[in-house]
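S.K.: Given chain F's structure and the hints, the job is docking chains C, X and L onto it.
Protein chains: 4
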Amino acid sequence: MDFAFDSRTTELLDRVRTFVDGRVAPVEEEFAAEVEALPDRWAFTQAPTLKRLQDETRAEGLWNLFLPGERGAGLTNLQYAPLAEAMGRVGRLAPAAMNCAAPDTGNMEVLAEFGTPEQQEQWLKPLLAGEIRSAFAMTEPDVASSDATNIETRIERDGDEYVITGRKWWITGAMNPDAKIFIVMGKTDPNADRHRQQSQILVPRDTPGLTVVRGMQVYGYDDNDHGGHAELVFDGVRVPASNLIGEEGSGFAISQARLGPGRIHHCMRCIGVGEMAIEAMCRRANSRTAFGRTLGEQGVVRDWIAEARVHLEQLRLLVLKTAWLMDTVGNKGAHAEIQAIKVATPRTIEWILDKAIQTHGGGGLSQDFPLARAAAQVRTLRFADGPDEVHKNALAKRELKRFAAE
Amino acid sequence: MDFAFDSRTTELLDRVRTFVDGRVAPVEEEFAAEVEALPDRWAFTQAPTLKRLQDETRAEGLWNLFLPGERGAGLTNLQYAPLAEAMGRVGRLAPAAMNCAAPDTGNMEVLAEFGTPEQQEQWLKPLLAGEIRSAFAMTEPDVASSDATNIETRIERDGDEYVITGRKWWITGAMNPDAKIFIVMGKTDPNADRHRQQSQILVPRDTPGLTVVRGMQVYGYDDNDHGGHAELVFDGVRVPASNLIGEEGSGFAISQARLGPGRIHHCMRCIGVGEMAIEAMCRRANSRTAFGRTLGEQGVVRDWIAEARVHLEQLRLLVLKTAWLMDTVGNKGAHAEIQAIKVATPRTIEWILDKAIQTHGGGGLSQDFPLARAAAQVRTLRFADGPDEVHKNALAKRELKRFAAE
Amino acid sequence: MDFAFDSRTTELLDRVRTFVDGRVAPVEEEFAAEVEALPDRWAFTQAPTLKRLQDETRAEGLWNLFLPGERGAGLTNLQYAPLAEAMGRVGRLAPAAMNCAAPDTGNMEVLAEFGTPEQQEQWLKPLLAGEIRSAFAMTEPDVASSDATNIETRIERDGDEYVITGRKWWITGAMNPDAKIFIVMGKTDPNADRHRQQSQILVPRDTPGLTVVRGMQVYGYDDNDHGGHAELVFDGVRVPASNLIGEEGSGFAISQARLGPGRIHHCMRCIGVGEMAIEAMCRRANSRTAFGRTLGEQGVVRDWIAEARVHLEQLRLLVLKTAWLMDTVGNKGAHAEIQAIKVATPRTIEWILDKAIQTHGGGGLSQDFPLARAAAQVRTLRFADGPDEVHKNALAKRELKRFAAE
Amino acid sequence: MDFAFDSRTTELLDRVRTFVDGRVAPVEEEFAAEVEALPDRWAFTQAPTLKRLQDETRAEGLWNLFLPGERGAGLTNLQYAPLAEAMGRVGRLAPAAMNCAAPDTGNMEVLAEFGTPEQQEQWLKPLLAGEIRSAFAMTEPDVASSDATNIETRIERDGDEYVITGRKWWITGAMNPDAKIFIVMGKTDPNADRHRQQSQILVPRDTPGLTVVRGMQVYGYDDNDHGGHAELVFDGVRVPASNLIGEEGSGFAISQARLGPGRIHHCMRCIGVGEMAIEAMCRRANSRTAFGRTLGEQGVVRDWIAEARVHLEQLRLLVLKTAWLMDTVGNKGAHAEIQAIKVATPRTIEWILDKAIQTHGGGGLSQDFPLARAAAQVRTLRFADGPDEVHKNALAKRELKRFAAE
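Residue numbers (UniProt numbering), protein chains in the order written: chain F, 1 to 406; chain C, 1 to 406; chain X, 1 to 406; chain L, 1 to 406.
So here's chain F without its partners, still in its complex pose (with noise of 0.2 Å):
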């Protein structure tokens, strides 16, 4: 057991560093106020700035870490976590300067792991270089869409095409227009095993019947910032047969594959977040006088800094864990640490973040100061990929097999 990075890592996260707070960090207001003015607001990969910046990291080898294997960086996920966390600090900007951000990183990796070779070379390549965007629609508004086999949206076989019919929204990302290829779940065999009945089909934006009805907002934010949450229409959508992502009923099996990695990188951006909120929570706290003293002299605050610190270095620790259980026994093995870093973390950075806000007074939730826009954010992740519930009753289910009655 060695609690110490290895040389790799620490040499990358000393660069990610020092190019997130260095030359991220000072541009992000910048970048956000270029997305607004953009003609699409919605497009925000059209931003100078973001542009610029990827050109930078793609030069210095700063790109698409994410991806284990020859295609990318080469990484194990213990190897990655700490980059993400030091990208997760700067959330609006860092990840997508330097092509990690979600949910492109997953589709990449679907597209990697399952893709036949011409779809890797239609849509995994302009990915990998950053020419493109994409989405994953699978969350349904009329269902508990956390049980797969509540899915509604129709995958069916009509000769060589399929055609998909179904509502979707909280498709992230698919409001921009340059999110040209979209991966949709839907049920080829409603009549299949429990979950032999899901499948995966790539859906070029413009194909007809595919409509993009309205964006969906968090807390009154939009995210135009990173492509927005869209409702999305599939009505009749046709596309050809070959654009199926690995065979028929294998769409539960992808998506669970697809998850490991996905919430990890959520969650280790979360931990970088909550960095983020325990600085700003210092900082304010060693400015601001109150009734004779500073904040950071007040015993409350000091107690609600303490527990943060507490909590999160705890946190770390699982994810990283995880991280190296993925890296050594497989997302299957590391399933259950999975899922208990899926619920420790978002509710953890909340807590932080509220006390943060609180210490920041009225402008903590404001647009003066990051904390609200990631507290917004970070409260999806309780839903994302499932509720919360879920998973505990999952993890329950797991311990009570462990052990015989009394």
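Please keep in mind that the hints were generated in silico from the structure rather than gathered at the bench. One or more of the hints may lead you astray.
As the list makes no split between identical chains, a pair holds if one copy fits it or if it spans any two.
Unchecked claim - List time: in silico EDC-like cross-link candidates among lysine to aspartate or glutamate, alpha-carbon distance up to 16 Å:
#  : residue 1 : residue 2
1  : 401       : 297
2  : 125       : 178
3  : 401       : 303
4  : 180       : 121
5  : 401       : 279
6  : 401       : 275
7  : 51        : 178
8  : 397       : 307
9  : 51        : 30
10 : 125       : 70
11 : 180       : 131
M.R.: Coordinates of chains C, X and L only, in the frame set by chain F:
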């Protein structure tokens, strides 16, 4: 001791509920859409739906219910409390429809109690008639304004005028062009005793030197449906000396007088929000099915619902008792209880809203339900009129004084 | 609505407080030492101090205050509630000194309401006189007895007798040799409807076949100062058929009738415990100095004190309202509120005691202060009469029924 | 970074688990009964079962595993940590059976590091051999002893002797007549610098002037199975000057050196308690049925189990990392982490125990399960070595120093 409402309360409560649930709730979305479509989207008081509802409440005697004495409905705080709760269920529109919305209620109370006949004629009269709106400018961006001695805005006598210089933010309602009059808190004598330094003064919106800089956001909401939250700059603003409310040095005392009713109104409306959230949570739990059972048949969701009910019942009673104390021993005698409900209310309602949101899945955070917007509003109350921590500190000092050392 | 006590309550409360604080509190430790030194250390009712105090309360009309109707003081639940709170401040001795201690109060209520004249003559009369004590035997070691259908003890008719067979534990008071009569819950008809299977029957202590096996401990305490908690074995115990309370199959209904007053008495006494704990916390905080300031000058301790006060005020009001409901709409009409206070009370008081203990340092957990002992007692209330989770489940079902699906 | 144990740890852990689960757990109750039946019920070290187990561990090399260096097993903290966890599962007996029980471990460490050869010969040798026991006398009843400057016990030089005068309590182990030697903390120079006033000195149990006044209780436990917690009076106790440990004024530094390993041992054993509690909760939940389903099939119980697992995994990792830091950068370099685990551990385990108890119903609080006793022990750790609040304050100051004002 008797926990039943008196007959006047029962009768009015029935009418208010009928109005709010029957006529306000159904048009809430229509109102919001109208506001968004106005030439000036901050001028929510010009929305036709609101104007129509106001005509109805004026005609039906459901107007100015908040105001004690002859000018208003003459209700006690205890009688008004459940009416405010009923309004809170549709908090975006019902209070405004009944001329019972903050911050105007507090401003009207101040003018009614401390204003000169001329001030009342010029400003209170149109406020009571609902012809204009108002704002209360106290909070400052650069200091912890919960400590009144921190206030930096200056109100300096110069002949027959006062000259006002300073910066304010979070001035709720002030983005609305119909907010014609601002009550501004500042220091007339920084060298006076701690609580005699401050004064309050009337500043008409169009006075030269007063600039409305921008609207503050709460999470991603700018709250244009109730006039937003403005940042204001007072750059040598001159008003007649007769605009002073009360005498020099009375500002702190006036603000204390204002806070009691203001807080209890907020708290009662919040309880209405809590009831709305419990109802939404139950309806949703009865509707959605996951893993073979409705959410309402699942233990964790039931636990949330029960906890929500148990907490809300306790909270309501403390708010009602506080209202009763204000009626029987006065605002000062009820000071500890006012602080207690100020602390207890927002967090209780936040928790209920959080669980209602979780029961709704992603939709709960979106524009499709009133939950996230309500959560953002309620969150602000943990700072408004001073952060909870300041009030808890005062509560504890009071307890500590009751008991000698061992 | 009126939050003031009526004059009878005010008068009695003043007398009870004077008695409890002035005459009971000073001799509490003396009483405990006497009990420990008795020939039978379980026979706490033979402690001279208790006998003397009982003589005083009998003489002064502070006896049997709990009992409504002519046999007792004739108080409503609402009138009795604050008196019970006052007793709870010195809960180890004051209720017994006033013949208002559980489980005798509940047993007397059952006998008064459901007993035959003969049963009342034989058992109720000496209980009301304080000459004997009693116990209520419901909980069983082998099943979750919160589900009444789980009860395994059999009460079988055999000619003019009933034969009782089963095992019970946590039978509070039953270690005291002066507990001469036990009310036993068992099944007379396991095949009847769910809530008609059970009956209650009177079993004198000295009946052959009844064995007192041992005393159960609560966190190391055996609670000999109020008769302990016995494990009992009924091995073919025979009693006359006339010992049945009510009719066969009425056991569940009788226990429900018992639970209302029983719970609210517990809750009111608990609030007295909470007040005692706040007082102890404040006195300690005013006495101890660490790092240059008293504990009471430190923010975190102040936060605890304020939270304790804010929670306790809310809780008390809900308990009082529940008492009022029981008086006005009956125990059944107050069912939801009784469940709510059953859930809300122990955890609130536990939290306050925990912080009071923390303020006292190690001493807080020891025999030198009443805090740890009180915490152990309060902890048991989260199971007593069914675990909180059962009550919350029922509360939630009630809410869910109020609202249709979306 | 690597989360796997090294081979020595794996091998020892397997042996310790086999011993604890196979040979200690089955005789735990027997041991407790033996202790209770001893002529002196405080002399737990004379229980035959313990002596037999000690012979076995001595013979099998499972003795003194806690001690680094040649005198002990030579393990690092990181290697020892999981062994301590395994002992903690049967914490009442396993640590003593392996000569790894507090407070002797800390005393042996102090003597090994700071003792003179003579002190080591006289006291360390028999302690390492398990022939005698020891105690550490620091806490005082009359002051908040977490602030070392508060210590009132005096150690005054008088010729070739020191004279010790003061009162101590909560001196764990000191009720055991086999605790032959006490390490006493007192002030040699109240006028020296804050952390140079204190010294530590060896006082044999039978020194005239030293009185063992009484045993302190924790809840209702007197903990006679590990030597209780004594109140001691030192009334002019004289020992040779050579009994001083280190030099005058080094007492605070020695106690700091002691605290690191002491705390981490406590924390690791606590994690074993947490695992024991999760196992007990699951077994019970699988066994009991209420309302037609086992407890383990009910959502709220599952939520507890999942939460317990999620929290315990995070906590364990922080404890292990702290052990690694102590090994790699020293106790001082690990100071913040030691404080963090000191805060995080007891409350996490308390929570798990509380839910395990709730799952067990009333029995969970009784002598029939180890849960309530464990909860009482764990509760003391929120004060031991200073209350959590002191450590959180220090943690926060450290964070605040890292960041300048805004």
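S.K.: If a hint holds in the structure, say so; if it does not, say that too.
M.R.: Consistency of the hints with the structure:
{"no.": "1", "hint": "401 <-> 297", "result": "between (49 Å within a copy, 12 Å between copies)"}
{"no.": "2", "hint": "125 <-> 178", "result": "within (15 Å within a copy, 56 Å between copies)"}
{"no.": "3", "hint": "401 <-> 303", "result": "between (39 Å within a copy, 15 Å between copies)"}
{"no.": "4", "hint": "180 <-> 121", "result": "within (14 Å within a copy, 63 Å between copies)"}
{"no.": "5", "hint": "401 <-> 279", "result": "between (42 Å within a copy, 11 Å between copies)"}
{"no.": "6", "hint": "401 <-> 275", "result": "between (37 Å within a copy, 15 Å between copies)"}
{"no.": "7", "hint": "51 <-> 178", "result": "within (13 Å within a copy, 44 Å between copies)"}
{"no.": "8", "hint": "397 <-> 307", "result": "between (30 Å within a copy, 12 Å between copies)"}
{"no.": "9", "hint": "51 <-> 30", "result": "within (13 Å within a copy, 41 Å between copies)"}
{"no.": "10", "hint": "125 <-> 70", "result": "within (13 Å within a copy, 61 Å between copies)"}
{"no.": "11", "hint": "180 <-> 131", "result": "within (10 Å within a copy, 52 Å between copies)"}
Hint compliance for this structure: no hint is broken.
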